[in-house]
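Asker: With these hints in hand, go ahead and build the complete structure from the sequences.
The listed protein sequences derive, respectively, from chains A and B.
Numbering-wise (our numbering), the first sequence opens with residue 1 and increments by one.
Numbering-wise (our numbering), the second sequence opens with residue 1 and increments by one.
For the record, the hints were derived by calculation from the structure and aren't laboratory data.
Every residue gets a Cβ at the ideal spot worked out from N, C-alpha and C, and that includes glycine.
One thing to keep in mind: the hints can contain errors.
So, partial list: chain B residues that the calculated Cβ filter (under 7 Å) puts toward chain A [what the hints assert, rightly or not]:
#: 1; residue: G29
#: 2; residue: N82
#: 3; residue: A147
#: 4; residue: T150
#: 5; residue: I151
#: 6; residue: F154
#: 7; residue: G201
#: 8; residue: T205
#: 9; residue: K206
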Amino acid sequence: MFHLPAAFSVALIAIVYVTYILSKYIFKPALNYLNDLSYINFNVPFAISKSFEQFSLLDLNYMIMFLGLAIITISLIVLKNAFKFTQERMRTALFSSSLFLIFYPTVLAITWLGVIFDLVRGKRQKW
Amino acid sequence: MVVRSFNFRRHLTAFAITALIFVIGLLIGLTLTNERIKFTENFARQQKADYDSLQLQYLYLQKGSCPVLEKTLEQNIQELENNRARLEEYIKDSDREDFKLIEREYILSEIRYWLLAKQSKIDCGSDTVSILYFYSDLEGECEDCSAQGTILDFLKETFKDRLLTFSLDINIEDPMLKILKETKKIDKLPALIVEDDKYSGLIGTKELKKIICSHYKTPHSEC
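Answerer: Have a look at this one:
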């Protein structure tokens, strides 16, 4: 019971969470960076040369890179199998597939939390 | 209604794969943090040795070798600044206590070099301008600090070895930094001490350029 409201709730939580993460770690820093650049008349060559000058291999966050790559790979495998199973063409669903790649890991994480909760309380899922 | 059978083995496999991915991720993170600590610690040690050597060079060579010593001083300060900025990025990724101790060492090195630069100006009569930059990295404490940092980087690129910048994070617990904050009466961030004059709040590129230029004995080509 309540499968549709549950699916909507999970999707809503995922959208809010992903939007928050994107705004906090991508959009806000990007805006701040643009604001900083505005004080030096958007001198992009200077900004680029400064970044290259200071770059070191240790600066990359390999943990995030590995987890990101693992999540994207798993999502792509799931996506490919889903298309194979439904016998649909991948090209016709590019937009929905892209959205799926962005939101799927979060939706999956929330769904798994639900599964664990059901397992703990010994619920038998009826379909 | 169909009761779907629960495949415990499949769930366990999924859990094991997920756990494995996260454990590998965590191990990568830990190794990376340790490597970063090792790198920054080594640099701090190297800086301290460089500083001691430079101080000895000043004592030994005296006035005749001022240009060489000034060049080394400027290079050391620039390297220290670059690595301090790098360390700050590392701290954003990991709040390990080791990093905070290293950051304190970096700040003390900055103060040491600032004092040495002042001394060099007296002894060698070098036509350079020193800027002490007080900032905070804490969210909501200093909205303009990032912009002020970019402006200083840009001006450093413009004036090259004739501008020496020393950045100090006011949140680091250190008695020397506390004394410096109190004697310079730092109450608003960002704050700049250009030679001995204090400027509070964000100072734009043009205005700061004008201030720096006013301190040169022989005008710089950019002034």
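Asker: Hints numbered earlier in the text: which of these fail when held up against the supplied structure?
Answerer: Hint check: 7 and 9 fail, others pass.
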